[in-house]
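Trainee: Sequence:
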Amino acid sequence: MYNNSIYVIGLMSGTSLDGVDICLVSFNKSDYRNYSILHAKTYNYNKIWIKRLKEAVLLNNKQLDQLDNNYGKLLSDYVKQFINEFNISKVDLISSHGHTIFHQPNKGITLQIGDGKTINNNTQIDVVSDFRTQDIEYKGEGAPLVPIGDLNLFYKYKYCLNLGGFSNISIKDKKKIKAFDICPVNTVLNHYSNKLGYAFDKDGFLSKKGGINTNLLRKLNDMSFYNKLGPKSLGIEFVLSKVIPLIDQYIIKPEDILITYIEHISDQINKCIIPNLKEKILITGGGVYNKTLIDSIKNKLKTKLIIPKKEIVDFKEALIFAYMGLLRVKGKINCLKSVTGATKDHSSGRIFKN
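Whatever position you read off the sequence shown (first residue = 1), add 981 for this note's numbering.
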């Protein structure tokens, strides 16, 4: 079994701050599209780490360097715990996205913390990290990155829609693919769920109590980002500087904000998808568990939504970063100019070896 497979641990921390998704994936050496998720688990952040990550945008360069190292140590501790917990005997590679602190491609800036060298030193396993910087250097957006996995691992679906901290979509036409960020999702929904004392809107039970504010909905849908053509990407800066200040101009109940924002999300997703009852949309990410959101999307689209098994819903991005890391160490393309707007396709990520 070991001779025919390559074993990669994928790590993903999203903007929702719910924790670090870790999965162990076995890839067939002769065809990486043949894979199996062997083990997967989310390790939740404690309150101290949630606070550190939320406030990281306020740090100076020296403090960010320290946080980068400390977070790398945290990730390596999670990996070692994961390996022990599942009694894993073979890992060839760790592939880590890290946690995004800044993403401003228009300024040539992107920063994902979680120092790869620290992870390598503490685990004694080869590491690939820092996947976005090179794409920015090649004049790309540095995002989205998952389309290479959508293209090769989820090739049966024309559309792959992710509902995480942000929504993003991959759209395939024969062997070509385009992709872009659509709008913030859980970064905003969780923020206003917090106002009601909840970490998130479980099953959409908070939002379904609200009523849509048509004036706010119109203002949200009129935001200039939605008129841009792809490639385009979003960062937490957009949420903090544009979305939340706009919403907070309206003195309405959090439940009304939630249902109005859900309507906004489904409006923006609907704009991206050509109605075709024969096509299927693979839909993943934490937003899948918000019934009010899913119902709103279903009501607008004329395309069948496919919600896969739970491990794909929860760990698709960690899986794809495992795949990207494998491509990187093999010197194969893992970043596509058609989706990021870079000057060329390339193999991105920094490699750390013993």
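Hint data in this document are derived by calculation from the structure and do not stem from the laboratory. Quick caveat: nothing in here was measured; it's all calculated off a predicted structure. All residues carry an ideal CB built from backbone N, CA and C; glycine is no exception. Accuracy of the hints is not assured; some may be wrong.
[Claimed, not checked] The list that follows gives simulated cross-link-like pairs (lysine to aspartate or glutamate, EDC-like), each with its CA atoms no further than 20 angstroms apart:
| id | residue 1 | residue 2 |
| --- | --- | --- |
| 1 | K1022 | E1066 |
| 2 | K1291 | D1184 |
| 3 | K1209 | D1184 |
| 4 | K1176 | E1236 |
[As the list claims (entries may be wrong)] Simulated restraints on C-beta separations:
| id | residue 1 | residue 2 | range |
| --- | --- | --- | --- |
| 5 | N1065 | E1218 | 30 to 40 angstroms |
| 6 | R1014 | L1045 | 14 to 24 angstroms |
| 7 | L1045 | T1023 | 41 to 51 angstroms |
| 8 | E1292 | K1189 | 53 to 63 angstroms |
| 9 | K1071 | S1319 | 33 to 43 angstroms |
| 10 | L1177 | N985 | 44 to 54 angstroms |
| 11 | K1313 | K1189 | 25 to 35 angstroms |
| 12 | K1223 | K1313 | 32 to 42 angstroms |
| 13 | I1233 | N985 | 57 to 67 angstroms |
| 14 | S1070 | N1208 | 22 to 32 angstroms |
| 15 | K1261 | I1031 | 31 to 41 angstroms |
Trainee: The structure should be examined with respect to each hint, and the outcome stated for every one.
Mentor: Hint-by-hint comparison with the structure:
| no. | hint | verdict |
| --- | --- | --- |
| 1 | K1022 - E1066 | holds (10 angstroms) |
| 2 | K1291 - D1184 | holds (15 angstroms) |
| 3 | K1209 - D1184 | violated (32 angstroms) |
| 4 | K1176 - E1236 | holds (10 angstroms) |
| 5 | N1065 - E1218: 30 to 40 angstroms | holds (38 angstroms) |
| 6 | R1014 - L1045: 14 to 24 angstroms | violated (38 angstroms) |
| 7 | L1045 - T1023: 41 to 51 angstroms | violated (25 angstroms) |
| 8 | E1292 - K1189: 53 to 63 angstroms | violated (27 angstroms) |
| 9 | K1071 - S1319: 33 to 43 angstroms | holds (35 angstroms) |
| 10 | L1177 - N985: 44 to 54 angstroms | holds (51 angstroms) |
| 11 | K1313 - K1189: 25 to 35 angstroms | violated (46 angstroms) |
| 12 | K1223 - K1313: 32 to 42 angstroms | holds (37 angstroms) |
| 13 | I1233 - N985: 57 to 67 angstroms | holds (58 angstroms) |
| 14 | S1070 - N1208: 22 to 32 angstroms | violated (53 angstroms) |
| 15 | K1261 - I1031: 31 to 41 angstroms | holds (36 angstroms) |
The structure fails to meet hints 3, 6, 7, 8, 11, 14 from the earlier list, while all remaining hints are met.
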